[in-house]
Structure formats: C-alpha cells, structure tokens
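Engineer: Residue numbers (my numbering), protein chains in the order written: chain Z, 212 to 683; chain C, 11 to 650.
Think of the hints as simulated: they come from the structure by calculation, not from any bench. A hint or two may mislead.
Said to hold, decoys possible - Partial list, derived from the structure: chain Z residues whose beta carbon lies under 8 Å from chain C: (1) Pro280; (2) Leu283; (3) Ser284; (4) Val373; (5) Leu382; (6) Arg408; (7) Arg411; (8) Asp440; (9) Ser442; (10) Gly676.
Claimed, not checked - Now the in silico label distances, taken between C-beta atoms and shown as ranges: (11) Pro313/Z <-> Asp76/C: 33 to 41 Å; (12) Asn649/Z <-> Met115/C: 54 to 62 Å; (13) Arg160/C <-> Gly589/Z: 35 to 43 Å.
Quantities reported herein were computed from a predicted structural model and do not represent experimental measurements. All residues carry an ideal CB built from backbone N, CA and C; glycine is no exception.
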Amino acid sequence: MSTRSWHISRRTMLRGLGAAVALPLLDVMEAPTLFGADPKVVPRKQPVRFAALYMPNGVNPHHWSPAMPGPLSELPSITAAFEKVKSEITLISGLCNKGSFPLDGHYAKVAVWLSGTSITKTTGADLNSGGISADQLAAQFLGQYTRLPSIELSTHNPTNFVDNNVKLTALYGSHISWSTPTTPQTRETDPKAAFDRLFRGQGGADAGAARPKALNPWDDSSVLDFVLDDSAGLKGRLGVNDQRKLDEYLTSVRDVERRIQAEIKHVKEPHRVDPAALRALPELGERVRKVGGGGRFDNPQAYAERVRMMLDIILLAFWTDSTRIATFMFGNEVSGQNFSFIEGVKGGHHDMSHHENNADKLEQYRKIGLWHAQQVAGLFERMKAIKEGKDTLLDNSMVLFGSGIRDGNAHDPHNLPIVIGGSGGKTIATGRHIVCKNETPMCNLLGDILARMGLQVDKFADSTGPLKELAG
Amino acid sequence: MSCARPLAALLWSIALVAFAVRPVVAADAAAGFAEIRPQLEKYCYECHGDKKQKGGVNLAKVKSLDDVQRDPAQWEDVLQQLRDGEMPPKAAKEPLAPDLRDKLMAWVEHTLDTLDAGTLARDPGRVTLHRLNRIEYNNTIRDLLDVDLRPADQFPADGVGGGGFDNNADTLFLPPLLLEKLVEAANTVLAAAKPERLAIVKPADDKPKTRREAARASAAAFAKRAYRRPVAPGEIERLLKVFDYCEKKNIAYEDGVRHMLKAALMSPSFLYRAEEARKQVGAFELGQYEMAARLSYFLWSSMPDEALFALAEQKKLQDPKVIAEQVARMLKDPKAKALAQNFTGQWLLLEQLRSGAVGPDPQKYPEFTQPVREALCGEPAAFMAGLIDGNRSILDLIDSDYTWMNGEVARWYGVSGPSGGEFQEVKLPDANRGGVLGMAAVLAATSHPQRTSPVLRGKWLLAVVLNAPTPPPPANVAQLAKDDGAKEEQSLRKRLEKHRADPGCAGCHSRIDPLGFGLENFDVVGAWRTQDARGEAIDNTGTLPGGASFSGPAELRKILLGKKDQFTRAFTEKLLSYALGRGIEGYDRQTVKEIAQAAAKDGYRLPALITAIATSYPFRNARVAPIVPLAPAAAPEPAK
C-alpha cells in the first residue's frame with residue numbers, strides 16, 4: 212500500500228514527479244504561471260463551497276437585470292425566480308471575458324467561462340483552453356480536505372461534432388472545467404453514477420462486488436502502485452506529446468490513490484456529518500435509481516428531473532462536506548434541448564436563442580431562461596433551509612449561475628448574466644445589484660471567489676483587481 | 011493558433027528542406043501565376059509584404075512559381091485562410107469578391123496538386139498516444155477475455171476531434187472519473203472470464219516458489235496478448251509484485267492471479283495504443299506489432315488476432331503485399347462490421363440525430379421515435395457494410411438503385427419485404443432515392459425541427475460530399491423563421507432568394523441553396539412530398555454557379571457523379587482520418603491524392619480504397635515530434 216503523504220497540492224506533486232523521471236518541460240506544468248506565484252492557502256475554519264452552474268445559449272437580455280444598482284427590490288421576470296431568496300443573492304452586471312471576444316460563435320465563450328483566457332482554434336490536435344479554470348485551481352489546492360477534490364456534472368454527453376465551418380471541435384462548448392489548459396474535466400452525466408461515486412456505501416451502490424472478498428476495497432492501491440511503476444517504464448520510450456497524455460493518466464491515478472487514502476481516513480476517523488444529511492442520502496439514492504441513465508435527449512420531462520437530481524447531488528455533496536467544489540452544465544453550448552414541457556414553448560433552446568427580435572420567440576426564450584433560474588432558485592431555497600451552526604449551507608457557499616454570452620441572438624459576450632447565491636461565509640453583502648464598469652473582467656469576480664475560499668492569488672488570468680463592491 | 015505549433019512546424023520544415031529537391035509543376039500553373047500575382051499584391055501585401063509581415067508571412071517575397079513550390083506548407087495555410095473566409099480580414103478596405111476568392115483558391119489547389127510527388131519531402135504526421143475509446147475497449151475485452159459484457163457503455167462518452175471521429179487520439183482523455191470506472195470494469199470482466207482465457211496456470215504444489223512460477227507463466231501469457239506486443243521480463247516482474255502482495259495477504263491463489271491480471275488491464279500498455287518513440291527525431295517506419303494494432307483497430311476497432319500476431323513475429327507486416335492480403339482477410343471477418351458502424355454515422359454527421367440532440371419536432375412528428383431514429387441511422391451503416399462485403403464502388407454512396415433496410419426502416423419508407431432487425435439489400439422502385447442523399451436519417455439530420463432547410467442540406471452536401479465547407483455567416487445576420495411556414499405569404503424559395511439578394515450573402519448561398527433545393531421533395535423526416543406546408547407545388551430545380559441546372563434529386567445526383575474525383579478525395583480524407591486517429595493536414599495532400607487515384611483505377615471499389623489506406627505512407631510510418639518547450643499561455647488579447 213502506498214505510504215505517500217497526499218497533503219501536498221497536485222501541482223507540487225506534478226513537479227516532484229517531473230524531477231523524479233526527468234521529464235522534458237511540458238506545458239501542462241507551465242501554464243498555471245498565469246498567476247505569477249503559487250496561490251497562498253489560508254485554510255478556513257468553516258468550509259466555504261463554490262459551485263458554478265452554466266446555462267447555455269445566453270438569456271433573454273430584457274428580463275434579467277434590474278434597472279438600478281443597489282438593494283434588490285422589484286426584479287425583472289427571469290430573476291424574479293429568486294424572490295424568496297432575494298436577500299441571499301447578488302446580481303452582477305458589466306462583467307465579461309475579453310479573451311472570448313476574438314473568435315465568433317458560441318464555443319469560444321464556454322471553455323473560458325471560468326478561466327478568462329482564449330481558446331486555440333483547432334479541430335482537436337491543439338486543444339487548449341488557454342488556462343486552468345477557477346474551480347479546478349481551487350480543487351488542486353483545497354481538494355485535499357475532502358473525499359473528492361471536485362465534481363463535474365452535466366445532463367448531456369459532450370457534443371460529438373467537429374464544426375467544419377468554424378474549424379472547432381464542439382468539445383470546447385461542452386466543458387467549463389479544465390484541470391490543465393489541455394485537459395477538460397470529463398463530466399458525469401448519469402445521476403445514478405454521480406450519486407454512487409459520491410456516496411458509495413452510504414446509500415450509493417457498493418462497487419467492486421467482483422473483487423476477491425479477502426481484499427479491502429482500497430487494496431486497489433497495489434494495482435495503482437503497479438500502474439505508476441509501469442508507466443515510468445513506458446514513459447522513457449515515448450515522444451513528448453505522448454508523455455503529456457501519459458501524465459494526464461498518472462495525474463488521474465494519483466487522484467484515485469489520493470481518494471482511496473481519503474476513504475481510509477474517513478473510515479478510521481469519520482468526520483462529523485449532519486445526521487439529517489445522512490438521512491437524506493438514501494432518499495436521493497432511491498430517486499436517482501428511478502430516473503435512470505443520463506446523457507440523452509429523448510425525454511424532455513426526464514431531462515428536467517435529471518437536472519433537479521444533479522443539483523440535489525451537489526447540495527448533498529456540500530452538506531456532507533464530500534467536496535467543496537462543483538460545476539454543472541445544464542447543457543452543452545448550442546444545446547437544442549427541447550423545452551416543450553414548459554407551457555408555451557415549442558422549440559429547441561438554441562433555435563429560440565436566435566430570436567431575431569421576434570416577439571413570440573423572445574417570449575419562449577424568456578420562459579426557457581426563467582425555467583433555468585427557477586431550478587437554481589429552488590437549490591438556493593433548499594440550501595437556505597439547511598443549518599450549519601448559526602448560519603446556513605447557503606451562507607457558507609458561493610453558487611455562481613450564468614452564461615458565457617448575454618443575448619444569444621448576437622452571441623454577445625458583454626455584460627454576462629451573472630448571479631451568485633450565498634455569501635461565501637458572510638463575506639459578501641448580498642441582496643444587491645452590483646453594476647460594474649462595462650468590460651470589467653469576470654476574473655475579478657473569480658479571483659474574489661477564490662480568495663473567499665481561502666486561496667489568495669495576486670492575479671487570476673486577466674483580473675485587474677478585486678470587485679470591492681462585493682463586500683458592501 | 012497555438013504559440014507552439016508554428017515553432018514546431020518551423021523546426022520541422024527546416025529538417026525537411028535539407029532533403030527537398032525543387033519540385034516540378036505543370037506548365038499551366040506557371041502560366042497562371044502571372045495572372046494571380048497582381049491579385050496577391052492588391053489583397054495581401056499590405057499586411058504580408060515587404061513593409062509588414064503579420065504572422066511572419068511575406069507573400070511579396072514570392073516572385074515566381076518556384077518560390078511557391080519551395081514552401082507548400084505556407085500555401086496550404088493560404089488556401090485554408092481563403093476557404094475559411096478569414097483572409098483578407100473582415101475589416102479590410104477592399105473585400106475579396108466571391109468569384110475572385112474561388113479563382114485564387116482554385117489556383118492554389120491546382121498548384122499544390124501538381125507538385126511532383128517524387129521530389130516532395132514527406133511527413134507521415136504524428137499520432138498521439140491513443141487511449142482505447144469506448145468501442146475499442148469493449149471489443150478488445152471481448153476478444154481478449156471472451157466476455158461480451160460491454161463495460162465501456164457505462165464510461166463517460168468520448169469527445170470527437172480531427173476529422174470528426176471519436177477515435178481521434180488528441181481528444182481522448184483519461185480523467186479520474188474514467189479511471190475509477192476502468193478499475194470497476196476490470197473487476198467485472200475478470201470475474202466473468204473463464205480461467206483458460208486468463209491463462210491461469212495451476213501450481214503443481216503449494217510451495218511459495220512454485221506458486222510464484224505458475225503466476226509468472228500466467229502473467230507472461232496474458233500480458234503478451236493484453237499489451238499486443240512481446241513483453242519484457244521487467245514488465246512481468248512488476249506484475250508479479252501485485253501477486254506477491256496478495257500472497258502476503260493470504261489471498262487464494264486464483265484470486266491473487268486475477269488481481270495481478272487486473273493490474274495488467276490497468277497498465278497504460280493495455281489502455282493505450284502506444285507507438286514507441288525512436289531515438290532520432292523525424293519519420294520512422296512503424297514496428298511489426300504497431301502495424302498489427304493499426305490494422306486491427308482500423309478495420310475491427312479491436313486488438314489483433316493470432317494470425318496478425320504471427321505475421322508480426324515473422325516481420326511481414328511492412329510488406330504491402332502482405333498488408334493487402336490481410337486487409338482482404340480481415341474485411342471478410344464479421345468483426346469488420348465495426349468499421350462500417352463506427353465510421354459511417356460520424357462521417358455523415360448523424361450522431362447528433364441519433365442521440366436526439368437534433369431532430370424532428372416530437373410534437374409534429376411523434377412517430378419519429380428513438381427506435382426509428384436508431385434504425386434509420388443504421389441504414390447508411392448497413393449500406394457501407396454492403397460496399398465492403400460486395401466489393402462495390404463508393405460512387406454508390408452518391409447514386410445507387412438499391413439500399414439496405416430492416417423491418418423498421420422498411421416500415422418507415424412504406425416498403426414491403428424486409429422484417430426483423432437484420433438489414434438486407436432492397437431494390438429501389440424509382441430514381442428518386444438512391445445513395446445517402448435519399449436516406450431519411452441524412453434528410454432529417456439536415457432539417458430544422460419543423461421545416462426542411464435547403465441551406466442546411468446544401469451546406470451538408472458541400473462539407474460532407476464535396477469537402478468544400480463554406481465559412482460561417484457573419485454574426486447578427488437575419489435568418490428565416492424556423493416554423494413550417496404554413497402561414498407565410500411567400501414560399502421558402504422566394505424568401506431565400508430575397509435573402510440572397512444581399513451581396514454579402516450571395517457569395518456562399520449561391521453555392522449552398524441550389525443544392526439543397528434539389529432535395530426539397532423530401533420532408534423533415536425524409537418522406538417524399540410534392541407540396542410544401544402552404545400547399546404549393548415543390549419546385550425542386552436549381553442552377554449551380556457554373557451554370558449547370560437540374561431538377562429533382564435524380565438529376566442532382568448525376569451532377570454530383572460528375573464530380574466523382576472530388577467526392578473520392580473528400581471520402582478518402584475522412585476515412586484516412588479515421589484510420590489514423592488524427593486530423594488531416596496540408597502535408598497529407600499527396601497521400602490523399604494517391605489513395606483516391608488508386609481507388610479510381612480499381613473502379614472506386616471501397617475495399618481497394620481501404621487497402622490503399624492501409625498500405626499508404628502515413629499508415630505505415632510515424633514521426634516523433636521535436637521536443638520543443640511550449641510557451642506559456644499568452645494573456646488574452648485586449649478587445650477592440
């Protein structure tokens with residue numbers, strides 16, 4: 212069994228590995244230099260969680276932002292979904308990712324939503340988001356405190372398409388989480404699999420039933436140790452690009468090893484989990500088993516149910532402190548998800564986003580945006596109902612919800628629709644609409660979020676400084 | 011473009027230039043240059059001339075055709091920029107008229123096409139360490155362990171890249187999420203496999219040494235097949251460490267061996283198709299076992315069989331004659347169905363339809379159910395399998411008097427005869443259908459949910475059949491309504507004509523729309539119709555920019571048959587991309603041309619084309635990328 216200490220960041224680990232097997236300089240290790248120096252980790256007593264929920268295809272721009280900055284009073288019809296949790300949210304206007312401007316179309320806006328960089332135009336050979344995403348940066352430094360460093364979820368499989376007209380692989384439109392600039396984080400699209408992965412043995416299915424009975428589940432360490440040895444043997448015989456792929460594999464092996472260690476620790480010294488959370492687990496387990504596999508488009512009603520489950524899985528993961536970092540995509544960019552289960556909506560999402568200012572289509576586009584906001588508002592309400600000491604789970608979280616474009620009709624990357632639920636451990640003065648100067652980097656906000664999680668970075672991608680208004 | 015690629019390309023071209031002899035080109039290309047050069051001066055020199063060299067490109071240095079021929083890669087890039095509509099830039103003072111763009115492109119293509127193959131330095135391209143994709147994992151487990159459990163169906167879906175295929179090495183990742191599932195899959199399949207398949211050797215007695223030697227024999231026999239190559243003693247010793255661990259824990263012998271074999275199934279040598287680097291930087295001939303794996307994963311999406319391993323051991327798999335014999339043998343094997351199944355749907359861009367991401371409006375077409383979708387997407391795959399089995403011409407994909415149907419597909423078309431799930435060949439009653447253009451899956455995938463789209467169909471035809479994709483429309487351009495248009499005053503054709511009156515749109519739409527109108531008799535779900543939603547008779551005529559006119563799908567197909575060499579090259583590019591697991595680059599031009607010519611010589615037969623790919627230079631060779639430290643990601647460009 213491995214005896215390595217995992218209380219070091221993954222990045223440090225990669226560097227150690229590089230030294231051990233004399234790797235050539237790889238971009239996988241170099242790209243995070245966007246930050247200048249390593250972030251400083253200041254662990255917090257009360258964990259602060261971060262989730263980012265991505266809505267594809269933008270939003271009807273006329274029904275999102277309140278007219279005036281300041282305390283939230285009357286909300287436009289989409290953000291009115293947050294009425295019950297109005298005092299717990301912050302609406303922010305004026306943010307954008309300038310790195311997403313140069314390439315037209317949808318895809319360039321998605322992959323960089325949480326990284327503030329620019330993608331490389333490619334059908335696949337040079338896949339590169341330009342930088343690590345904020346959630347993954349946080350996971351690499353804070354993931355050591357939880358059983359899983361982060362979770363990435365969606366309801367749709369990645370769009371399997373290379374757009375020959377714009378010479379881009381649709382992979383860019385299917386990933387907001389990038390653990391390195393060249394490694395998109397694969398998302399779990401099946402609620403049952405997502406649930407079992409998080410809560411194995413706690414209402415989730417027990418995997419590895421086929422394993423010899425005399426071996427503990429974590430005896431996989433002997434297999435993983437073998438893999439590390441075996442890879443070192445192969446590595447010396449590979450070209451540089453292949454070594455990058457192998458590094459990606461090794462990073463995954465170490466992640467899983469680290470997880471096994473965390474499970475052992477968890478069994479030895481179970482940390483305090485709200486008994487109510489443990490009671491809620493089997494109930495959600497039942498539900499995920501009923502709805503069945505994800506990744507498909509065929510049944511719109513099942514889609515709505517799967518979305519709700521994925522959001523509940525995030526809630527439970529946060530509540531049980533199984534992870535503190537999560538991303539979820541309601542769909543891939545250019546999603547044609549059929550929303551005919553909403554009354555008055557006849558078409559697919561992307562079609563409606565190209566409304567051409569036609570009143571009927573704008574109204575359907577509004578309703579689709581409203582449905583998304585309602586799902587998120589529901590999550591906020593459920594998080595608010597969960598007590599953590601004197602505060603609530605929502606208080607101790609920052610749940611970012613929005614899109615990489617504003618008006619889908621024009622693929623407009625300015626003034627992104629952004630709302631944050633929760634106060635990051637009572638550090639955000641919520642209940643307000645903050646209006647930033649036009650073209651304020653989204654990364655200013657992301658840097659602030661990282662700081663509130665206990666990760667101090669001097670600069671995140673194109674950030675120019677903190678969003679001072681956030682603290683009130 | 012990444013920062014790294016031009017640099018790598020530059021180093022690479024320096025390496026090649028040393029060997030390159032001046033190519034010889036046809037005389038008419040030389041004559042054309044005198045006419046082309048003033049256009050380059052007018053549209054390009056301002057940014058790519060002696061004063062400014064944006065992107066390091068100076069076209070003013072090109073003073074004669076010889077200069078063009080010295081740097082084909084540069085001109086592949088020029089061609090790409092023209093084709094994508096990226097150059098001259100949108101903000102240029104003088105926009106490039108569409109016909110002049112076509113003329114420039116035609117000249118560059120012609121020039122590049124007529125370079126003398128014999129004198130060109132060749133580049134086999136780089137294939138990245140290739141993780142087995144879901145289908146390859148399932149099939150490999152099936153052939154290795156004789157268990158058909160399809161565990162990879164539970165893995166996260168693979169993304170696509172390169173030519174648009176999910177076996178593109180660069181876009182296959184191995185995230186922690188997948189690794190966890192691989193561990194579980196290994197447990198499951200090993201528990202289900204029979205001891206003889208695992209090469210489990212029973213120890214003669216219970217002495218630790220005897221047990222270990224028996225385990226070693228198992229490891230050696232199993233790993234050789236699992237890794238698809240001879241295995242070094244050190245590798246077996248590493249596996250035995252896992253067995254030793256189980257022995258220490260007093261695990262039953264057979265369980266211990268299984269646990270050790272699980273390690274083999276988690277080894278990168280099993281999960282990845284590794285092609286080992288050679289010491290020298292540059293192109294090299296692939297090894298025997300690497301060739302065996304390339305052949306088997308191309309034709310079977312699975313591991314090599316005993317016959318291929320034997321030929322690899324005899325060092326015969328670089329012999330073109332042996333390769334051709336093997337291709338013929340392998341295509342006769344039922345496992346070759348994998349090629350038709352995995353290639354066809356992705357080539358025809360049907361996967362979005364199959365998954366339900368796009369498709370007919372379920373309220374308007376409730377009968378277009380998931381089983382119907384899947385059956386209709388099976389039609390082109392069965393058709394392709396028929397081309398392989400029947401040694402037929404790929405031109406049948408453009409025009410044929412037959413297709414393949416199973417019960418579900420026949421019901422959809424209203425044809426009697428076929429029943430059940432198996433596809434069979436069916437003679438078509440009239441010339442309206444035939445080839446892929448008459449297939450409902452293609453027609454539905456190229457429609458909007460509520461109405462047909464001559465634009466989507468034309469765009470699809472240009473991109474898939476003719477490999478001449480059009481650049482994307484400018485942002486904010488007005489679009490036509492996507493409903494069925496029953497309430498519109500004018501026909502779709504009239505509305506599109508109005509749209510085309512804008513000269514900014516006409517350049518591309520005069521090429522796109524007429525092709526699509528030829529298929530207007532097919533509705534959203536591919537049914538034949540003679541009236542549109544407004545009750546007006548369908549006008550299925552079209553005139554192409556060159557002046558050729560046609561009416562209806564049968565005549566359109568004849569026009570496309572006239573472009574059979576363009577189609578053959580388009581098809582070759584896609585199949586080559588699939589075979590190699592990488593995108594097709596400018597340096598592949600010569601290979602694609604040769605494969606297409608070989609196929610044409612043999613009656614355009616698909617097996618001949620497949621053989622030409624399997625014996626081609628990039629299929630039998632590879633290159634090691636020079637080790638270039640990649641630059642850190644640049645800060646985003648400020649917005650204008």
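Engineer: Hint by hint, say whether it matches the structure.
Structural biologist: Hints and how they fare:
1. Pro280: 23 Å, violated
2. Leu283: Where the cut-off is 8 Å and the nearest Cβ of chain C is about 30 Å from Leu283/Z, the hint is violated.
3. Ser284: 33 Å, violated
4. Val373: For Val373/Z, the interface hint holds, since the closest Cβ of chain C sits about 4 Å away, which is under 8 Å.
5. Leu382: The hint holds - Leu382/Z has a Cβ within 8 Å of chain C, the shortest such distance being about 4 Å.
6. Arg408: Holds, about 7 Å.
7. Arg411: Result: violated, 10 Å to nearest chain C Cβ.
8. Asp440: 5 Å, holds
9. Ser442: 5 Å, holds
10. Gly676: Violated - the Cβ of Gly676/Z stays beyond 8 Å from chain C, reaching only about 16 Å at its closest.
11. Pro313/Z <-> Asp76/C: 33 to 41 Å: 36 Å, holds
12. Asn649/Z <-> Met115/C: 54 to 62 Å: 40 Å, violated
13. Arg160/C <-> Gly589/Z: 35 to 43 Å: Holds, since Arg160/C and Gly589/Z (Cβ atoms, about 37 Å apart) stay within the stated range.
Consistency with the previously given hints fails for numbers 1, 2, 3, 7, 10, 12, ordered from lowest to highest.
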